[in-house]
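Using the sequences and the accompanying hints, generate a full structural model.
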Amino acid sequence: MQPVNKIAQRNQKYIFSKKNIKRLNQQKYLLLMSLPFVIWVIIFKYIPLWGWTMAFQQYIPGKGFFQQEWVGLKYFIIMFQDNYFYLVLRNTLAMSILSLIFGFTLPIVLAILLNEITKQTFKRMVQTISYLPHFVSWVIVASLFNKMLSIDDGVVNNILMALRIVEQPVQFMAKPNFFWGIVTFADVWKEIGWNSIIFLAAIAGISPELYESAMVDGAGRFKKIWHITLPGILPTVMVILIMSIGNLINIGFEKQFLMRNSLVRDYSDVLDLYILDYGISAGRWAFGTAAGMFKSLVSIILVFTANGISRKVAGIGIITK
Amino acid sequence: MKRMSAADIIFHTFNYLLMIILMIATLYPFLNVLAISLNNSIDTVKGGITIFPREFTFLNYAEIFKTKALLTSVIISVLRTIIGTFTGIISTAMVAFVISRHDFIARKAVTILYIITMYVSGGLIPEYMLIRNLRLTNNFLVYILPGLISAFNVIVIRSFIDGLPFELQESAKLDGANDLTIFFRIIFPLCTPAIATISLFIAVGQWNSWFDTYLYCSSNKKLTTLQFELQKILLSAQSSGQQDIYGSSDLAQKRVSPESLRMAMTVVATMPIVIVYPFVQKYFIKGLTLGAVKT
Numbered sequence: 001m002q003p004v005n006k007i008a009q010r011n012q013k014y015i016f017s018k019k020n021i022k023r024l025n026q027q028k029y030l031l032l033m034s035l036p037f038v039i040w041v042i043i044f045k046y047i048p049l050w051g052w053t054m055a056f057q058q059y060i061p062g063k064g065f066f067q068q069e070w071v072g073l074k075y076f077i078i079m080f081q082d083n084y085f086y087l088v089l090r091n092t093l094a095m096s097i098l099s100l101i102f103g104f105t106l107p108i109v110l111a112i113l114l115n116e117i118t119k120q121t122f123k124r125m126v127q128t129i130s131y132l133p134h135f136v137s138w139v140i141v142a143s144l145f146n147k148m149l150s151i152d153d154g155v156v157n158n159i160l161m162a163l164r165i166v167e168q169p170v171q172f173m174a175k176p177n178f179f180w181g182i183v184t185f186a187d188v189w190k191e192i193g194w195n196s197i198i199f200l201a202a203i204a205g206i207s208p209e210l211y212e213s214a215m216v217d218g219a220g221r222f223k224k225i226w227h228i229t230l231p232g233i234l235p236t237v238m239v240i241l242i243m244s245i246g247n248l249i250n251i252g253f254e255k256q257f258l259m260r261n262s263l264v265r266d267y268s269d270v271l272d273l274y275i276l277d278y279g280i281s282a283g284r285w286a287f288g289t290a291a292g293m294f295k296s297l298v299s300i301i302l303v304f305t306a307n308g309i310s311r312k313v314a315g316i317g318i319i320t321k
Numbered sequence: 001m002k003r004m005s006a007a008d009i010i011f012h013t014f015n016y017l018l019m020i021i022l023m024i025a026t027l028y029p030f031l032n033v034l035a036i037s038l039n040n041s042i043d044t045v046k047g048g049i050t051i052f053p054r055e056f057t058f059l060n061y062a063e064i065f066k067t068k069a070l071l072t073s074v075i076i077s078v079l080r081t082i083i084g085t086f087t088g089i090i091s092t093a094m095v096a097f098v099i100s101r102h103d104f105i106a107r108k109a110v111t112i113l114y115i116i117t118m119y120v121s122g123g124l125i126p127e128y129m130l131i132r133n134l135r136l137t138n139n140f141l142v143y144i145l146p147g148l149i150s151a152f153n154v155i156v157i158r159s160f161i162d163g164l165p166f167e168l169q170e171s172a173k174l175d176g177a178n179d180l181t182i183f184f185r186i187i188f189p190l191c192t193p194a195i196a197t198i199s200l201f202i203a204v205g206q207w208n209s210w211f212d213t214y215l216y217c218s219s220n221k222k223l224t225t226l227q228f229e230l231q232k233i234l235l236s237a238q239s240s241g242q243q244d245i246y247g248s249s250d251l252a253q254k255r256v257s258p259e260s261l262r263m264a265m266t267v268v269a270t271m272p273i274v275i276v277y278p279f280v281q282k283y284f285i286k287g288l289t290l291g292a293v294k295t
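Protein chains in written order, with our numbering: chain A, 1 to 321; chain C, 1 to 295.
By construction, these hints were calculated from the structure, which means they are not laboratory data. Hints are not guaranteed to be accurate.
A few chain C residues that face chain A, going by a derived Cβ cut-off under 7 angstroms, partial list only [unchecked claim]: (1) Pro29; (2) Leu31; (3) Leu113; (4) Met129; (5) Asp179; (6) Asn208; (7) Ala269.
We treat Cβ as the ideally placed atom computed from N, Cα and C, and that holds for glycine.
Below you can see the structure in the form of structure tokens.
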């Protein structure tokens, strides 16, 4: 019997062995079902990756791949010598760090405060209302903020005038210094409720016995929050913090795109808008691709570094297979 | 049951007050815009509208449905949401199903192909060139095809399928069912909670997106979406005061100002979400925790 077994084993090594052909036949429907989506993912996700080669070419649309002139790192050098590039990099980092500071800590505070509310109906009402803005588009949020901050009959100016803090309505959207603050505020307004869900779930997972024994020991509300709630949600906090750091450069561009105007350009334009304005609107394809590639590479490095640190420090990795 | 100390009372007052402020801050902009959209636009200019309209009118809304470009945009938005969600969820679930099958010969290859897309993407310009080369610009399909599947959603549904007993599939197979039948008759119906959640996320994403219209379909008036039209009117308002981009020049005759029109459009764009939101809230939250389990 042994030789037969050996043949069978050897056969398994070949792709077109009898066993594999039989298996292919058995799985023809699975193959049929995956085929369109393999083609889809290659076309829509991998061909754009191949498009990175544009960054190293004097790219002219319409010409074949081999007819393009290769220029090496020319566009990267141009980019790193462009002052405007450093300006958009500053804006990107400034807004992402601001949103990391406020967009990350305030939902934790909200979750802790919500947890202290004993009236369940009231708690649920706050939750339902505060999750809502997460689901509306940035176009709508920009439209709402535009109205609220408007100089004619915007509620913010009305309040400031009524309290006599300002004499004249403030043109919020036209002040470059305000832009980072407005975008961060809009971001917090939109996401605070939604981002608190994960921390609320973490708080709900803390054993009630811990609180009971703390009560017996005479711990007050703040002591309980400090010694039980916060340590209890620390692993979740770490994971979310690390994920946010990984996404530091991917802050998107919708809010900046929708809230910017020509007066605040120096503070509003982020990397993606730089790519959009230079690459697509101005038709500098190769240059735009180089800038996009820079962004993707920084983002990948950040994600993997953050994940590595998280694995070491908290023993929790986000990247799972 | 519990005695309230003075510190407790202060804390609770402060806490409740803060939560009430949060709720007002969240709701007021929506209610204010709703009130303005229902108010006569000449009266609105006088100012002072808070959350109730002063001179009630539906004129601003009538203007949306009278302006052909806007009516078309509403229809396109609805169509892309329905078609995009339907095709998206079937595709996502199908990929999730094939990579959940441990016996599948190409399981690893397909899984890796999709997982990689979660970490790297070609970026704006290569994607733009691809869409152009595929002749998808000014084509309705650009709303459906490029964003058909998200790897993250695939993982969420796959982990749900992993939780179903495999014996179900085995016994169906003994009864002579093929994998296609197993998917449509057994797996898809059993995944309803996950499917519902992911469908909602896809639908919200479809309804809210405007950037694909901006990039690929802005020159075709028949294919613009409501969110894009709103973005257009918003940007024109920001850059040059109150400009009238829909050519409804005779204000006195139309009695609708661009600002009031924008407010009405904002309400129309928000409405579907606000209407379905209370009913589906639990699914949304379930979706978040579904994802959190895996990550």
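Okay, the hints, checked on the actual structure:
1. Pro29: Holds: closest Cβ of chain A sits about 4 angstroms from C:Pro29, inside 7 angstroms.
2. Leu31: The hint is violated - C:Leu31 has no Cβ within 7 angstroms of chain A, the shortest such distance being about 11 angstroms.
3. Leu113: Since chain A brings a Cβ to about 5 angstroms from C:Leu113, closer than 7 angstroms, the hint holds.
4. Met129: Holds - the Cβ of C:Met129 comes within 7 angstroms of chain A, reaching about 6 angstroms at its closest.
5. Asp179: Hint on C:Asp179: holds, closest Cβ of chain A at ~4 angstroms, below 7 angstroms.
6. Asn208: 3 angstroms, holds
7. Ala269: 6 angstroms, holds
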